[in-house]
Amino acid sequence: MKLSRALVYSVLIALLLLLPAVFMVLDLGFAAAALYFCVQYSIMAMAWNFLAGYAGQVSFGHAVFFGVGAYTTMILLLFYEVTPWVGIPIGGVMAALLGLGLSFLFRLRSHWFSLATLALVTIFLLLFQEFAPGRAAGLQVPIVPPEKEFYYLRYAGAYYYIYLALAYLGVEVLLMNYLVKRDVGYYLQAIREDEETAMSLGINPFKYKVLAMLVSSFFMGIAGGLYTVRFRFVDPYCVFDILLISIYPVIASLLGGMYTFWGPVVGSFVFVPIFEYVRSNIVTAFPRYFGLHFLVAGIILFLISLRVPRGIVGWLEAKGYVRRPRYGG
Amino acid sequence: MVDLNSLIGAVVSGLMIGSIYALIAVGLALIWGVMNVINFAQADYMALGAFLGFVILEALGVDPLISLSLIFATVFLVGILTQVVAIEPVLEAPVLSQITVTFSLLLIIRYGLEVVMGPYTRIVEVPYRDMFIRVGGVSFSLPQLIALIVSLAVAFALYLFMSRTFLGAALRATAQDMLAAQLHGINIKQMYRLAFGIGVGISAIGGVLLSLFYPIYPEMGAFFTMIAFICVVLGGFGSIFGAYLGGIIIGLLETVSALFISPSLKTLAAFIVFILIILFKPKGLFGR
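From first to last, the protein sequence lines are chains A and B. Be aware that the first sequence starts at 1, since it is given in the working numbering, and climbs by one per residue. Be aware that the second sequence starts at 1001, since it is given in the working numbering, and climbs by one per residue.
Everything labelled a hint here was simulated from the structure, so no lab data went into it. C-beta atoms are modelled at their ideal positions from N, C-alpha and C, and glycine is treated no differently. Some hints here could point you the wrong way.
Quick list of the computed label-pair ranges, beta carbon to beta carbon [to be verified]:
no.: 1; chain 1: A; residue 1: 186; chain 2: B; residue 2: 1119; range: 44 to 52 Å
no.: 2; chain 1: A; residue 1: 237; chain 2: B; residue 2: 1059; range: 30 to 38 Å
no.: 3; chain 1: B; residue 1: 1088; chain 2: A; residue 2: 25; range: 47 to 55 Å
Chain A with its partners taken away, still in its complex shape (with noise of 0.2 Å):
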């Protein structure tokens, strides 16, 4: 039976607008964390995508637009008042400045540049640790009267921040499906198998990769807004850790295909719910075992590296399960 394809995507959407509700009614509140940290990591990974499997500049230091993008919120909430509605734009437009100003760093070619961003993330942190407000202590959200909730998004439970997560995925899915089915999309590409050429042919790969780091980099900083309403709490270890924030969504990316246009979120899907089992119901149960869940991700990384190295959905589509799309991709 062939299925159109405008019928898949409804029937998926329902079911990811249905799901939170789902978990609300029967008070699944483990399965709604854990779907929270699904769509999150789909913004993150579908952005550092754009990048590296774009435009083929594979940073490790994503992590900095997560952070600045969490601490904007976080400030701008705390010692301005401004509500999270407002706050979590503006932490992405800061990460996608901030993106513009270490454009710089494309100067380097391949694993200098992923080196030099790994670099990057440690600066962060201990001038954060050093410098930025609450130092290595970290920021917290104060508790606030029912009736303000709403103004200051605190609720309990993952349920509502699932909706939000849901609404900028949504955002950045048509954003980039709209950036990649036009000439952009060729052009990054045509960059990404050889700038020589791609220059050759009158394309400034500069600018288009100046265009792929702001677009990416702003949904860094909306994903570590998001992260600051939802956990209320942020400080320098946990926004600019390098496992955690940088390395996940390259890890989701490639577990669902990094040339693919859902890969990353494919990806998402299917590694954060095996990371949260392992972290919550091994790890808290068997304190000793610390760091299993990092194990666990090695492995999964360590398969595709060698196994699949196109990821979930290139194998789909080599495969011919999936159509491969004219565009892009």
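Chain A is fixed; fit chain B onto it per the hints.
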């Protein structure tokens, strides 16, 4: 005003910690030089070495300095196994696959160690751990002094191996021109295995030396990975001598800058130097 004695003290302890950085960096440079692979897990083999020393001391009461060659041999074999299982399949693959494979090794070794040993910080209880040698107004920690001497000896041994033996010459030939070396009958695959084994084995020696005066924990590699990259970039990728000197320089930079700026910011200086170097002098100070 910084007085002379504390400056001398800082320089000496910079040399000592730098000599550890240097060993990890040398291994990284060797692997990169021979087969163009950046080993993100380099510093985790260091942690592996440190914990092997700890386990042997706890179980058999043998001082890590005595079991040093055994530890080197063990990690050397682990390195060869890694090369065969993980690196060889991706040598022809795009750079990204190589990066992600060695990154997965980082996760597997670091957190495998954590699962096996538990997330605790350990002290390697050697009898001379807290001994000092006083010269003039400056006192030196004995285990740090031992570390410096052993590190220099290991570097010298590596130099002799690379310059005086046939295997060393074959390694250098592979690094210079893989194809030409192959045409001269050198088995490239085995050279790669040798390079990876020696590279991570030397790193493990660094870990053992560090454990004599520093607490050890399974995640200790996190900090040293970045430091090793900085040293190698400073020294010029692929230059073994440069990597060693890079290690010493970063050690000095850290301890001396700690005197002048806040100690918690000393690492920052090293990282900023790193970014500046790869931006403006990507071949490093001693690059080829």
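How the hints compare with the structure:
1. 186(A) with 1119(B): 44 to 52 Å: 48 Å, holds
2. 237(A) with 1059(B): 30 to 38 Å: 34 Å, holds
3. 1088(B) with 25(A): 47 to 55 Å: 53 Å, holds
Against the hints set out earlier in the document, no violation occurs for any number.
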